[in-house]
Each structure stands twice: as C-alpha cells, then as structure tokens.
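Residue numbers (the working numbering), protein chains in the order written: chain A, 1 to 304; chain B, 1 to 165.
Possibly wrong hints are sitting among the right ones.
Said to hold, decoys possible - Once the Cα atoms are required to be at most 35 Å apart in a straight line, the calculated DSBU-like pairs of lysine-lysine come out as:
no.	chain 1	residue 1	chain 2	residue 2
1	A	56	B	52
2	A	35	B	15
3	B	34	B	110
4	B	149	B	15
Source of the hints: derived by calculation from the structure; they are not laboratory data.
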Amino acid sequence: MQENYLAKWLNGELSGEELAEFKKSEAYASYQKLKDVSATLKAPEFDVDQALEQLKEERIGNAPKVIALNPFKKFLRVAAVIAVLLAGSYFYVSTLDESVIAQLAERSEVILPDNSEIILNAGSRVSFSEKNWNEKRNVSLKGEAFFKVAKGKRFTVSTNQGTVAVLGTQFNVENREGFFEVTCYEGLVSVTYNNTETKLPAGTSFLVINGKIMDTTKPNTAQPSWVNNESSFYSIPLEYVFSELERQYDIEVNSQNVDKSLLFTGTFSNTDLNMALKSISTPSHINYKLEGDNVLFYAEKAPQ
Amino acid sequence: MNNVCEEQVFSSIFKANSKTVFNYIYYKFGNEEKSHDAVQEAFVKLWENCSKVTPEKAKSYLYTVANNLYLNVIKAEKVRLKYAEPTYEHSNESPEFLLEEKEYKEKLDKALNDLPENQRTTFLLNRIDGKKYAEIAEMEGVSIKAIEKRMHLALKTLREQIDGI
Chain A
1 MQENYLAKWL NGELSGEELA EFKKSEAYAS YQKLKDVSAT LKAPEFDVDQ
51 ALEQLKEERI GNAPKVIALN PFKKFLRVAA VIAVLLAGSY FYVSTLDESV
101 IAQLAERSEV ILPDNSEIIL NAGSRVSFSE KNWNEKRNVS LKGEAFFKVA
151 KGKRFTVSTN QGTVAVLGTQ FNVENREGFF EVTCYEGLVS VTYNNTETKL
201 PAGTSFLVIN GKIMDTTKPN TAQPSWVNNE SSFYSIPLEY VFSELERQYD
251 IEVNSQNVDK SLLFTGTFSN TDLNMALKSI STPSHINYKL EGDNVLFYAE
301 KAPQ
Chain B
1 MNNVCEEQVF SSIFKANSKT VFNYIYYKFG NEEKSHDAVQ EAFVKLWENC
51 SKVTPEKAKS YLYTVANNLY LNVIKAEKVR LKYAEPTYEH SNESPEFLLE
101 EKEYKEKLDK ALNDLPENQR TTFLLNRIDG KKYAEIAEME GVSIKAIEKR
151 MHLALKTLRE QIDGI
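Using the sequences and the hints, build the whole thing.
Given below as structure tokens:
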C-alpha cells in the first residue's frame with residue numbers, strides 16, 4: 001500500500017489493484033461508512049448576503065474608525081467653538097451700522113439717538129452707527145433726505161459725491177445719480193465737494209449737476225417741498241425731473257423726441273399722478289401717455 | 001480593470017469566499033460567533049489593503065488573515081463542534097437503523113472534536129465543503145502531500161475512535 005493510501009482512496013486515486021486489496025481488508029467497511037456519513041455533515045448556517053451587508057454598513061462605511069475617548073470633552077470643544085462664534089457674531093452685529101430704507105413711492109422717518117430727525121424721500125437709504133453715535137454723529141446717505149439736527153457736536157452726512165457738516169440745523173441733501181444738492185433751511189451748513197468747502201447759510205443751496213456746480217435760487221420755504229408731498233424744481237433738466245417722478249410713484253418713465261436737458265421750473269404733486277403728469281407736460285409743451293406703470297412723454301410735434 | 005478596491009470585485013470575492021472562511025475558522029476552533037467575527041475582520045483587512053492585494057491573491061490573503069487573527073486567541077478553548085443533523089423524517093428506514101445512525105453520528109462528532117485541529121480542518125473542508133487537497137494546501141500554506149498526510153491520519157484516527165480500537 002502506498003503512503004497516505006486512505007487520503008488517496010477518499011479522493012479516488014487508488015489503482016484498481018490497490019483498491020481491490022483495500023476492499024479485502026478488515027477496516028474497509030468502517031472507512032466506507034465513515035466516508036458516507038461524513039458526506040452528510042453540515043457546517044452551521046452562514047448567510048453570505050447578510051454578512052456582506054453587515055460588513056459594508058458597520059465596517060467599511062466608516063473605516064478607519066476613530067473612537068472619541070471622552071465624549072464630554074468633545075462636547076465641551078464644540079460648546080466652546082459655538083460660544084466664541086456667538087460672542088463674535090454678537091459683537092459684529094452690534095457694531096454693524098443701522099440702516100433705514102425708503103422704498104420707491106415711500107417715505108421714512110428716522111429718529112436718531114440724540115433726537116435728531118431724518119426724513120427719507122422715496123428711493124433713499126441712510127445708515128449710521130447707533131453704538132458710536134455719541135462719539136461720532138455721522139450718517140451715510142444715498143438718495144434724498146431732510147435733516148433736522150439737534151444741537152450738539154459736529155454732524156456729518158457722507159455721500160459718494162460730497163460731505164455735509166453741520167452743528168445744529170435743518171437741511172436737505174439730495175444725492176442722486178449725477179445730481180447733488182444741499183439746501184440749508186436753518187443755521188449754517190458746510191459742504192465739502194471735490195475737497196472744496198462751501199459754507200451755506202440759511203436759505204441757500206448748493207447744487208451740482210453732472211459734476212458742474214450750478215447757480216441756485218433761494219428757497220422760499222422752511223422745509224423742502226417733498227416733505228409736504230410736492231416735488232419742486234428750479235431750472236433743473238427734465239431728466240432729473242423724470243427720475244424723481246419715477247421714484248415718487250414707482251413707475252417707469254420713458255420719453256420720445258423729448259430734449260431731456262431742457263430746464264424745468266415747477267412743482268408736481270407726489271400724491272396725484274395725473275396732476276403730476278400735467279404739471280410736467282404742460283409747461284414743457286410735451287404730451288404724455290400713461291399705461292399701467294409706464295409713462296411715455298413725447299413731443300407734440302416731431303422735430304423738423 | 002480588476003481591482004479589489006472596486007466594490008463589485010470586492011463583493012464578488014466576498015460572495016465566493018466568505019462561507020469557506022467562516023467554515024475554515026469554525027472547523028479549527030469550533031466557535032460560531034468568533035467565526036463570524038473572523039469573516040468580518042478578514043474582509044475589512046482585505047478592503048483596507050485592497051490596493052496591495054490582487055484579486056488572484058485575495059483568497060489566500062483572507063485565510064492567512066483569518067487564521068492569524070484567532071490563532072492565539074482561541075487555541076486554548078475546548079473545541080465543541082456541532083453539525084446540523086441530517087433529517088430522516090421522510091425515510092423508510094427502520095427505527096433500529098435510525099438509532100444506530102444516531103449513535104454513529106454522536107461517536108463521529110466526539111471523534112472529530114478530539115482530532116488535532118489541522119487534521120479536523122483538512123477532513124471537514126474536504127467532506128463538507130468539497131475542497132480538493134490542492135485547495136486546502138493553498139489555504140493552509142502547506143504542500144499537497146502534507147494535506148494528504150493529515151487526511152490519512154484523520155481517517156485512521158476517526159475510524160479507530162469510532163470502532164473503539
């Protein structure tokens with residue numbers, strides 16, 4: 001018999017001669033039985049799909065695994081970061097400037113910490129720092145506003161065109177595209193435009209249109225007319241009159257064959273659009289057409 | 001592309017080999033729970049080293065890892081293997097025969113538990129999983145001849161135990 005003949009037999013590798021000899025042996029029946037019975041043995045159940053699922057969910061998805069040894073420490077770290085962020089953002093927010101906006105066809109009133117008043121005309125915005133107000137009375141203005149400044153320290157209005165500084169007075173600042181006007185109604189106002197300072201006593205104005213300083217007339221009222229729901233103009237190009245009309249009524253103004261550099265002197269109502277349109281068109285000898293939110297001004301006769 | 005890091009390749013390796021890895025560890029140490037763990041551990045290791053192990057090498061890599069994991073841990077524990085009982089419910093065999101079969105099976109179970117681990121593993125991988133000697137040799141990292149030797153000794157010892165020689 002060759003070496004390891006039992007293994008060979010089980011694997012069917014014995015030669016006919018060897019097999020015959022093995023079959024004759026006493027032990028053959030026992031081995032045959034062992035072979036038969038062991039073929040019916042079974043291993044424990046093993047669910048391949050479930051094991052794969054488990055592997056993917058528990059192990060592979062989050063490998064490499066990092067275990068926090070002290071979850072409370074981690075919580076403290078997170079809490080500290082949140083606290084710093086909160087404190088930081090509170091500090092940041094509290095130093096942010098306060099802003100007040102008057103939308104188109106709207107007016108807003110602002111009372112400053114020292115009881116100074118700002119009345120915002122349509123389509124305007126002011127911002128100021130409430131926290132530092134007592135140290136620095138400064139507001140930034142976009143658009144037009146009327147200021148009634150309480151007596152006190154220097155009060156400045158910063159615009160992208162010029163700076164207005166006062167001590168305590170009433171004045172109007174209009175800062176629009178290509179148009180900058182300051183009118184003093186009371187006290188003394190200092191206007192800095194292109195690094196040149198101009199002192200405006202009560203009842204005078206300072207006007208810049210497209211970078212050109214214009215002559216002005218004395219205002220004959222104690223307040224700008226818009227505060228009383230009227231827009232007044234004295235020798236102002238129609239272009240700016242149209243813009244003001246757009247702001248006051250939140251409409252779109254277009255023109256056809258109209259010379260927009262034509263100077264307009266007059267007043268239009270800020271509450272009655274039809275009246276306002278007549279007030280503009282009649283003295284300028286132009287016609288208008290109102291359709292919804294659109295107004296078209298056009299010349300009576302096409303230019304020859 | 002045939003990379004173990006690809007999920008499809010990895011899954012197919014898992015499906016083809018996990019059951020045998022499970023059985024392999026079970027035959028060695030007779031602990032079902034730890035065999036489940038061994039499967040998980042071995043495949044996690046394979047996944048972590050998927051770029052270094054080619055699909056061809058994956059199989060023997062798995063057995064090596066599974067084996068090493070529990071080699072020292074479970075060695076001391078007493079092996080208590082259980083095998084699902086073949087059912088005779090619908091058989092026409094006589095009660096005497098069935099009783100005899102049952103007794104034989106109990107003897108076989110005991111004899112298997114008493115076998116040296118490497119003989120038992122070889123024997124069961126062949127008898128239950130139908131693994132060829134060459135495959136078992138690859139899993140165990142030994143020669144085919146060594147496996148034949150283990151098989152021969154396993155049969156001899158089992159027969160002696162069962163027949164009470």
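To see whether the hints hold, each was checked on the structure:
no.	hint	result
1	A/56 with B/52	holds, 20 Å
2	A/35 with B/15	holds, 29 Å
3	B/34 with B/110	holds, 21 Å
4	B/149 with B/15	holds, 31 Å
The structure meets every hint from the earlier list without exception.
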